[in-house]
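Enquirer: Okay, here's what each chain looks like letter by letter:
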Amino acid sequence: MSGTAYLIRGATLPDGETTDLLVREGRIAERGAGLSDRGAIPVDAAGLRALPGLVDLHTHLREPGFEQSETVLTGSRAAAAGGFTTVHAMANTFPVQDTAGVVEQVAALGAAAGYATVRPVGAVTVGLAGERLAEIGAMARSRAAVRVFSDDGKCVHDALLMRRALEYVATFDGVVAQHAQEPRLTEGAQMNEGALASTLGLAGWPAVAEEAIIARDVLLAEHVGARLHVCHLSTAGSVDVIRWAKARGIAVTAEATPHHLLLTEQLIAGDAALDPDAVGHRGYDSRLKVNPPLRRDEDVRALRAAVADGTIDIVATDHAPHPVESKECAWAEASFGMVGLESALSVVQAALVDPGHLDWGDVARVLSRTPAEIGRVPGYDAPFAPGSPAHLTLVDPTARRRFGRAQLRGRGVNSPYLGRELPGRIVATFHAGVATVLDGELQTLPTPTDHEVA
Amino acid sequence: MTGLRHLLASADLDRASAIALLDTAEDMADVATRRVPKLPTLQGRTVANLFFEDSTRTRLSFEAAAKRLSADVITFSAKGSSVSKGESLKDTAQTIAAMGIDAVVLRHAASGAARVLAESAWIDAAVVNAGDGTHDHPTQGLLDAYTMRKARHGADSRGQGLDGLRVTIVGDVLHSRVARANLGLLPTLGARVHLVAPRTLLPFGAEQWPVTTSSDLDAAIADAPDVLMMLRIQQERMHAAYFPHEREYAGFWGLDEERFARLHADTMVMHPGPMNRGLEISAAAADSERSLVLDQVANGVAIRMAVLYTVLSGGRHAGAREAGAA
Ligand SMILES: [Zn+2]
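Chains X and G are the protein sequences, given in the same order. Residue numbering for the first sequence follows our numbering, starting at 1 and increasing by one per position. Residue numbering for the second sequence follows our numbering, starting at 455 and increasing by one per position.
In short, the hints are calculated from the structure, not lab data. What you are looking at is a predicted structure, and each value in this text was computed from that prediction instead of being measured. Keep in mind that a hint or two might mislead.
The following residues of chain X were derived to be distant from chain G, with all beta-carbon distances above 12 Å [what the hints assert, rightly or not]:
hint	residue
1	Gly39
2	Arg147
3	Arg164
4	Leu196
5	Gly387
6	Glu421
7	Leu438
Covered stretches of chain X (in silico footprint by chain G; criterion: 3 or more residues with CB under 8 Å from a CB of chain G, positions within the stretch not fixed) [as the list claims (entries may be wrong)]:
hint	region
8	16 to 22
9	390 to 402
A virtual CB, placed ideally from N, CA and C, is assigned to each residue, including glycine.
Working from the sequences, and respecting the hints, build out all of it.
Expert: Listed below in structure tokens is the structure:
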């Protein structure tokens with residue numbers, strides 16, 4: 001409960017300073033060495049990194065409509081387990097989050113669950129159909145205060161509609177988050193286009209289908225003077241386009257997912273023998289099927305370098321839970337997507353921190369501060385400062401563990417990391433002063449009462 | 455390779471295993487010439503033909519092969535079932551498995567389906583890939599290799615590879631599992647493969663395969679390959695901007711009578727069937743003495759007998775995954 005006070009002792013902040021933090025009434029009450037507990041519950045953070053609460057700009061919570069995959073409650077529990085305190089719930093629900101009513105419902109479900117701040121993303125077009133603008137103004141003005149608009153899962157491919165969307169969304173200080181995928185170039189696409197896809201007999205998803213849309217969109221954003229956010233960059237060519245656009249002063253931000261920073265298409269050919277206990281992937285392992293697809297090793301390296309030099313602004317999970325039967329089938333029949341909230345920080349550590357691309361201050365930037373800025377989420381601009389909301393997570397970066405089903409706290413188990421050894425462990429997460437994770441254990445919050453939502 | 459418990463992809467076969475299979479097929483072909491063309495070898499064993507995609511030719515060939523080995527055959531045809539809304543591979547496999555099956559012959563529209571089934575825990579039977587999407591069709595690759603070896607070495611085929619054989623494959627390589635089946639096997643046996651197609655029908659990245667590629671059929675014919683394999687053009691390609699229309703395709707990449715007349719005397723003509731006469735191959739070429747099309751069909755049964763025999767006598771009841779090397 002936010003009524004409970006916690007005294008976090010000896011945490012190392014992202015900038016390297018070691019301090020105590022007193023969390024009381026939802027805020028950072030005091031910060032400094034040797035604070036006295038005054039009845040607060042002590043939390044020993046010696047050797048742990050304190051990070052600001054993580055903010056995910058790209059989460060699929062599936063509710064309303066696809067509750068067999070995930071609900072706002074289960075998804076925000078997964079978020080808390082991964083150190084997140086805010087998630088942006090993508091609009092491809094059923095009904096689609098294209099009206100004030102639906103986004104308010106999702107936000108209310110998030111508030112009732114209490115594990116994280118749930119910021120609904122509004123659809124750009126009605127029903128994600130790519131034909132007419134959704135009621136963007138009403139969603140922005142609603143109690144959900146939507147600032148990120150996306151047809152994610154689908155690309156706003158019509159150039160005129162995209163232009164209008166950029167302009168209209170800018171009217172409300174929002175941002176269009178584009179899922180960059182030229183639809184005709186990716187009809188039936190199954191994996192990255194290349195020699196491997198040709199060998200495996202899987203229809204190719206060419207890099208140019210992503211890069212061409214990004215190139216068009218940055219030029220549109222420049223032309224109309226609006227900001228643009230590009231979801232899940234996956235190719236080296238996309239990095240080049242974003243780098244060029246930023247050098248030109250275009251207001252574009254870009255994200256990469258943890259999986260595109262760690263995994264390559266080569267895994268789809270299988271790296272495990274027929275041994276059922278083997279760690280790794282069997283051939284055509286549908287857990288690796290994701291959109292955009294896993295790319296080549298040189299793309300992974302380009303993405304890492306781009307996060308390191310700031311060309312890519314943020315890391316976002318694209319957490320995409322699916323029921324088991326959607327993945328227990330042949331590759332072409334399987335759904336696209338993987339869960340990512342619970343593993344995100346570990347994968348970022350493995351892909352970016354341990355190899356030396358980022359320090360923990362950078363991690364705080366790409367996983368908390370900048371995504372909060374892009375989404376206009378208040379409360380993340382001065383983490384750890386007395387008076388700021390107590391959104392924070394404590395991480396043990398020295399831990400190593402075999403990632404398993406026990407780590408997955410949402411409804412989806414479609415994680416490509418099961419069985420893989422990953423670094424780092426979330427020891428505690430505080431959302432507005434509420435301990436959602438403590439001693440590495442997801443906490444049980446008071447059950448949300450039945451709430452009537454319009 | 456580690457024993458032949460399954461046959462999932464032609465590239466999984468090493469040279470020795472491939473030659474052993476071809477040699478076994480020689481023995482099986484001999485059976486066909488007997489008064490009673492049947493062996494008791496697989497008596498009491500059950501083979502399930504799981505056809506999620508219609509292919510009468512391949513299904514009949516596998517059925518004939520299983521019956522000549524005295525196996526019981528169950529056939530499941532999920533006709534018309536398509537990717538995404540089709541019968542679940544898992545459910546069907548488990549249903550069939552509950553009937554006590556020793557081998558599954560799987561035809562499926564999704565690439566990798568046979569491998570997914572073989573590596574799953576859904577079923578414990580041997581899996582033979584009878585065509586998966588645009589990925590592979592290993593018994594087709596084997597029967598093509600067998601046909602080429604027979605045409606070259608005749609009665610002295612046993613023990614031979616295809617060393618030095620020059621095979622030119624023409625047409626829709628992009629969508630062809632037959633082409634991939636041959637590509638996965640022929641280089642292993644020592645053959646050199648050349649692909650000829652318009653750029654739209656050559657797979658992206660094919661230059662990284664162990665083949666040469668070009669778009670000039672006339673030059674390829676002048677090069678006097680040992681085998682010219684014409685691939686079928688599917689109706690659905692006609693309207694998807696792979697080429698302007700049939701006549702233009704036939705004009706550049708069809709084995710018409712004029713090109714057929716220019717073929718080197720020793721060049722053999724193959725086609726996996728069914729043929730579009732007048733499109734990728736002329737009737738004269740298809741029915742000529744140099745056409746091996748009917749041999750391919752006949753050899754298919756012997757190859758499938760050899761494959762079923764090999765995976766089912768491979769000691770799966772010994773429990774060891776490595777048991778039963780071919
Ligand atoms: Zn997306």
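Enquirer: Now look at each hint and say whether the structure bears it out.
Expert: Here is what the structure says about each hint:
1. Gly39: Given a closest Cβ separation of 54 Å, the condition holds.
2. Arg147: Nearest chain G Cβ is 35 Å from Arg147/X, so the label holds.
3. Arg164: holds (30 Å)
4. Leu196: Not fine: 8 Å to the nearest Cβ puts Leu196/X too close to chain G.
5. Gly387: holds (53 Å)
6. Glu421: holds (22 Å)
7. Leu438: Correct as stated: the minimum Cβ-Cβ distance to chain G is 37 Å, above 12 Å.
8. 16 to 22: violated (count 0)
9. 390 to 402: violated (count 0)
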